[in-house]
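Bring the two chains, given one by one in their own frames, into a single complex with the hints.
Below, each chain spelled out in residue letters.
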Amino acid sequence: MEDNASTRPRLTTGRRNVLVTAAVAGIGALIASQVASSARTSTAPLTDDVKLQHLLRRTGFGASASELDQYRKLGLNGTVERLLNYETVDNSALETRLNRANFDLSKPLPLEMWWLLRMAYTARPFEEKLTLFWHGLLTSAISKVGRAELMFQQNQFFRQNAMGRFPDILKGVSRDPAMMIWLDLNSNRKGHPNENYARELMELFSLGVGNYSEQDVRESARAFTGWTLRAQRFFYDKRFHDDGQKTFLAHTGNFNGNDIIDIIVQQPASAKFITNKLFSFFVYPNPTDQVLQPFVQTYVTSSYSIKALVQKLLTSDEFYSPRAYRALIKSPTEYLVGIIRGLGLEADGVGLPQVMNLMGQMLFNPPNVAGWPGGPAWLTTGTWLARLNTANRVTTALTGAAPNPFARPNPKAPIQPFDVSSFFKGVTAPAQAVDHVLGLLVDGNVDPAQRQVLIDYVTPPNGTSLANANRVWLAERARGLFYLTLALPEFHLS
Amino acid sequence: MAVLTRRDLVRSGLAVVSAGAFMPTIFTRAVAAAAIDNSVSSSGSTTSKTLIIIQLAGGNDGLNTVIPYADPLYRQLRPHLGIAADQVVQLNDHLGLHPSLKGLKSLWDNGKLAIVESVGYDHPSLSHFQAMDIWQTADPTISRHQGWLSTLVDGSVDKNGHPFKGLSVGPELAPALCCPAVPPPALSSVGDYRLQPDPRFPSGRAARESALNRLYASYAAPAPYAALLDSTSQSAEVTSTALQDTVAGHQPASGANYPKGGFGDGLKLLAAMIAKDMGLRVGYVVLGGFDTHSNQAKHHSDILQALADGISAFQTDLTGHGKADNVVVMTWSEFGRRAAENASLGTDHGTAAPLFVTGPQVKGGVYGEPPNLGKLDNGNLEFATDFRSIYATVLEGWLQADATSILGQSFPRVAFL
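If you read the protein sequences in the order shown, they are chains A and B. For the first sequence, our numbering gives the first residue as 190, with consecutive numbering after it. For the second sequence, our numbering gives the first residue as 1140, with consecutive numbering after it.
Don't take every hint at face value.
DSS-like cross-link-like pairs, simulated, lysine-lysine; straight-line CA separation at most 30 Å [unchecked claim]: (1) A:Lys333 <-> B:Lys1241; (2) A:Lys333 <-> B:Lys1399; (3) B:Lys1462 <-> B:Lys1514; (4) B:Lys1514 <-> B:Lys1399; (5) B:Lys1188 <-> B:Lys1241; (6) B:Lys1514 <-> B:Lys1188; (7) A:Lys379 <-> B:Lys1437; (8) A:Lys379 <-> A:Lys296; (9) A:Lys296 <-> B:Lys1399; (10) A:Lys333 <-> B:Lys1188; (11) B:Lys1188 <-> B:Lys1399; (12) B:Lys1514 <-> A:Lys379; (13) A:Lys296 <-> B:Lys1437; (14) B:Lys1399 <-> B:Lys1462; (15) B:Lys1462 <-> B:Lys1244; (16) A:Lys466 <-> A:Lys501; (17) A:Lys360 <-> A:Lys262; (18) B:Lys1244 <-> B:Lys1399; (19) B:Lys1251 <-> B:Lys1502.
These aren't lab readings, by the way, just hints derived from the structure by calculation.
Isolated chain B (complex conformation) (with noise of 0.2 Å):
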């Protein structure tokens, strides 16, 4: 995309054009780079669908989230960490989630929960971080340096000036949406998202900014980080602006209660993004602790209970606002775990892992193959449906992308969407 930086509106001395009502006049000049941006870029897309990701960082256990609770050699390998029969949520004769997943049971009683089995790729990394770059890239071979959203997010402010094209909550930007030229927005807590003036000194605000605006414009490359720094300054000045102005008052539809922590004040925050219609195509939020090397039964099912509470809330909340029919969520995890316990009663880092797509438009039932307990590699799962074949359903079937394009070659579509 043509890059238009600050730098070179400052010194063309481009006209102040609007670009909404929220945008004070000092900032309008990011707004117009990104409209100009927008409206030359291919990727002026008006759907108003949403995907929203969660990351289930640290490599959540399958095998203790989708159950196959009726198969003896699961009892075998987890003679302590295996959940009884009686405890499963029973989805069917052979089937059953967490019993701390008991919320999701009513999205998939109305076939709004989709569950993919065995999701993985050939020769798997171990590794966390090597393991994570290849789903956050789509490239198992680790060669390709974008993230597989991010041509998505690009641009970050749409025609109509909204800039939240995508949002990563917490202080670190996903790597699944880096990164374009204009970053999208990593926030932990509206509130602390914005620009503070001197409180002494209030009228002395414009004057600050406005100089703090032309010593970013006058930082330009080859000084290092230059891109960064400018876009960095650049995304933040219009989004925390547009954020406070819009989000900060907004309050969840009755009976959606989110789990307490950054979870799920992310997915409230994600929520009152979309019930704004702040344009938001990609909303990634993490959920983390799944490595659960030791003492794994209660510390799982914790996280997994803020995971169901988090999804529950989260639907509630958009049902509320009209807005459910627009957004499908999925998650992911960069592997899961041994299928034999460990002697710490926990498990070691796996492979293949189901995954969960749900939303109103969102065919539920289970797809791909189940794991097969008495064929393990190495004591590990083998994989059955290639994790980018999930990409390139969400990709074509939701958001109307060019999956092909995005991941490189053709996967076959899984039929949830």
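Looking at chain A on its own, in the form it has when it is part of the complex (with noise of 0.2 Å):
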């Protein structure tokens, strides 16, 4: 144990926070610190409908106005229960829909497209929402595991657990073929352990860096030897393990990986790491430790449970506080989905993995174990520009001049072009037009300047009525309103 002091970095307290917080989110967190000084909001409480609002985008992808007043009916705390016990929200109409589309789940853009349109079209939002976050935590990447059918199944493992026990998820994917293929859990053999998984599992799934040592790493290790596929599926392999002592963390015995897990989640880091990790996706990033207190007690007291840690996230104080409020940037996933639910667009998959490559998300295949750093490096001023892009192709086909640029033409069953003319039904006045858009898409919250300079770019010239107006230049300025909304800073945030 002695040894190991030389090959890990010496830690005081101060940087062991450092550590948690910075080092392992890399990039994120690292621009996060620039520009935490400008991630402050105004302190005035949400309003009712503001509040709800943010619910449905940080658990789902946002919403359409039809949905917005299926919601208002059952309030806030209607929502909520709705939200979470979504097991029992009846999801037939997403599962015709895919099984009409037919995708080929072996080959990874159909895989993509599946799983956006999931997240499009259901009425589980939150189901998909945990999924996406699970995707990006206990992260896998196509681009080495190579089959796109083993990437589905842990899909839908982490679908089915989004809302299980911690211990049984890590047991779980510890257990799933892409997980083990993509980080060398298939070779990890008696006499030659490949530590990958093991440092991994610790680092960046259940702890953080500074809470173990290379010897807990290589111990580990020792413990998930035997751990193998076969036929592409989990298979121990007794020759292969290693039967001797191991000590880990300070418990010495005869380990096996589901041991490795159930002492790993007996840590106190590990509540603090999952809570932390959950708080950050879902309210605001880094809380403080005092913060996360009272939500580390609930995931403790309920046995590790995630479905009680996030009820009381979505129903605490701190979730609706001006803090939380905007301080997430939308992933390109967020972004995309989001005007897609807004906007109530018809997507057969065709053309988003595209705009999803040029945002700098290409999901099944995170750039590397961290999965997406995320927060503000989403935004360089090349994924900017490809996001305005995005809003530019999808609003300039809004009057069915365009080909839509998300489904392909079935004469069989004809996709409706978006209609802009609908939204400016009984509309007089350009500012009825800006704030029924700016509801929709921004909670209806920008700054008296921004909706003034939208009211002005709808204000016909020469002081003609919105009813006179020359029809080309309102056909025009229709899709600019809806581009320029989509391009907003604030619909950039959730």
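Okay, here's the thing in structure tokens:
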């Protein structure tokens, strides 16, 4: 054990804090620290309707006007109940739609389309949002796994266990074929342990750097020996399992992989780790220990239940605090699916992976073992341009004059072009049109100066009324109004 | 530096300032901001020298890159993965390059390839992300949150209106360039790096972009992420226009055969920017896939091949455009790998490793201490040259920057520059 001090950085208390919050997250946190001072919000409490839209963005991908009406009838508490208990919500329309689309899930692009459409049309948005969370945390990438059907299988595992007990999720993913290939668990043998899974299990999945030693990595790798794959299924090969005593995080015994996970989740650092991950994903990044404490408590006393933890998060004052409002930068997935859901667009999957790539995210193919850095790292000059160009493709197809970018023409089931004019029925003043679009997409909550820019943009020249405006001019400005709203700083935030 | 946000400029009603022929009027406010910014900053160096960083992401296996082929311990540690003496590209009687790096041999023969052996730092981290942060911030204590090259690309736009002091290839901005007030551009492909107009109403472009500009100008602190959104959009607008107008149609010099994929495309773009005098000081490109825990032989061979092909094509391209003398290329990786191979025919995370520095102005040769395979620390190689000595050398010896101020302390330079 002594020797390992030299292969591990010495940690001071101050540094440990940095490591837990910053080092693991890499560039995301690095940039976050640069912009943290700019991530302040107003202190005004949120109105009930803003709270509802905030909730729908965080637990899903926003809502169309008609969905929003349904949730308004349920009220905030009723909506939380419905979102959380999603297994009681009928999702047959989604399944019918996906069956009809008949994606070949053994291929990467159809697999990505399949998931994006699930997110766009599910009646259980929280189920997909949690699946996206687990995909980002307990991540694997098709670039190494190679087989899309194994990535699909892992994705289904996350969906089916999204609110399970954390140790069960860790044990399940440790036997997941895609994960086993991704982190070389399948080639971990007695006498020649492969440390890849053992290290990332602790560093990235459950504890964070600074809460274990290099010796713990080696001992854990020994415990996982013999876990392998046979015919692409988990197989415990006794011949290759190291049956000797292991000393791991101050426990000694003849441990196997499940024992290792049980020891890990009992560490206070693990409870804090997973609570922080969920808090930072759903509420706001990098909460203080003091803020986190009651949530850690709930997680531990519920015997490590993710459902108990997220329920507490979604009903907490912190979740609806001004500090949490617009405190997250949308991922490309959230940005794109948010547009499809918000505008009620019809999509069949075509074109979606391409725009996702340009915006910097390929589902099922994160850049490395830490998943996507996320946060401010989502926004670079290149990805910002790609987001606006996505908005351009969508909004310039709105009137049906251009083909829908995300659906093939289908004579048997013609896709109705999104009808801009329906938004302007009964609208007599430019401000009405602007407020309608802002209300739909950004909670109607922007700076008055921004609202005025948009009003000016859709005000016909020379005092002409909207009713008498040149129709070509009106079409251009109507499309432009939607484009500009999807381009707004506020629409990039969740 | 003094930060003049677009909001300030819009509010003060600053007149349009001409900042180069390629700038349409609606974006000149942003250029004016940067130009003014630059004129008040102290870093307005007019050097035409460029540093290109190639990050080998994942932890490159140094022992199979620069190979101590004559050392019997090498064969003992690498019974399956070891490269045979008659396969290596021999540099002398004990060192050789991986066979895939044959393309670098002519640089070596011409005395333009420097190899620094056993580069690392004290108490190394075996975590990818911690180690990357250490290298990117030049700070083994991870208490600094500023990329080691960020001050060199500060201001983003130079005095002549060239908005490309730094460029990061790929969707993410390299943390080494992070984060001056105006972020350097990050892009994957030139063709997509522009704001597309409404195809049906091209004449409405100016009105729409002007409204866009004003919407961002009206989104100000303390609104969340106001500085990030404003500076990113500003930098995107300026750089995309400049790039389309100058680089889009550029052709590589004949004989420059870049490898397929993002790495080769990135080097090609960087060469184009240098050929077009876009003011580039630091270019950054990533070659990934070095985390070779299993079945490493074929894969490692392929990515080293891409590395050699990329560097060769880049040098050929720059030479063809008469710019090679202005450019130095260096590689780095967050760590090397364990000295002994593992049972999966791969290697686990390790510590010290060699890196390359090359270019016509580089003094070729082997620097630093060779790895001591007889003296491992828990199976890992000990470092001999602090990575910040390499940084100090390129900062002072090439970019004429104040290394001590950037790195926070003084490090001995290595003699390759």
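Evaluation of the provided hints:
Note on lysine 333 of chain A and lysine 1241 of chain B: the hinted pairing holds, with a Cα-Cα distance of about 27 Å set against a maximum of 30 Å. The hinted pair formed by lysine 333 of chain A and lysine 1399 of chain B meets the criterion: a straight-line CA distance of about 19 Å does not exceed 30 Å. Among the hinted pairs, lysine 1462 of chain B with lysine 1514 of chain B is inconsistent with the structure: their alpha-carbon atoms are about 44 Å apart, more than 30 Å. With a C-alpha separation of about 40 Å, the suggested pairing of lysine 1514 of chain B with lysine 1399 of chain B is violated against the 30 Å cut-off.
Distance restraint check for lysine 1188 of chain B and lysine 1241 of chain B: the Cα-Cα separation of roughly 27 Å lies within the 30 Å cut-off, and the hinted pair is therefore satisfied. A distance of roughly 40 Å separates the Cα atoms of lysine 1514 of chain B and lysine 1188 of chain B; the hinted pair therefore is violated under the 30 Å criterion. A threshold of 30 Å between alpha carbons decides the hint, and for lysine 379 of chain A with lysine 1437 of chain B the separation of about 25 Å falls inside it, so the pair holds. Restraint check for lysine 379 of chain A and lysine 296 of chain A: the C-alpha separation of about 35 Å exceeds 30 Å, so the hint is violated.
Note on lysine 296 of chain A and lysine 1399 of chain B: the hinted pairing holds, with a Cα-Cα distance of about 22 Å set against a maximum of 30 Å. Only pairs whose Cα atoms come within 30 Å are accepted, and lysine 333 of chain A paired with lysine 1188 of chain B is rejected, the gap being roughly 38 Å. For a cut-off of 30 Å, the pair hint linking lysine 1188 of chain B to lysine 1399 of chain B stands: about 27 Å separates their Cα positions. For the proposed pair lysine 1514 of chain B and lysine 379 of chain A, the alpha carbon gap of about 25 Å is at most 30 Å, so the pair holds.
Among the hinted pairs, lysine 296 of chain A with lysine 1437 of chain B is consistent with the structure: their alpha-carbon atoms are about 24 Å apart, no more than 30 Å. Proximity of lysine 1399 of chain B to lysine 1462 of chain B is assessed by CA-CA distance (about 23 Å); at most 30 Å being required, the pair is judged to hold. Of the pairs offered as hints, the one joining lysine 1462 of chain B and lysine 1244 of chain B holds, with about 21 Å between alpha carbons and a cut-off of 30 Å not exceeded. Under the criterion of a C-alpha separation no larger than 30 Å, the hint pairing lysine 466 of chain A with lysine 501 of chain A is consistent with the structure, at around 14 Å.
With a CA separation close to 40 Å, the supplied pair lysine 360 of chain A and lysine 262 of chain A exceeds the 30 Å bound. Proximity of lysine 1244 of chain B to lysine 1399 of chain B is assessed by CA-CA distance (about 21 Å); at most 30 Å being required, the pair is judged to hold. For a cut-off of 30 Å, the pair hint linking lysine 1251 of chain B to lysine 1502 of chain B stands: about 6 Å separates their Cα positions.
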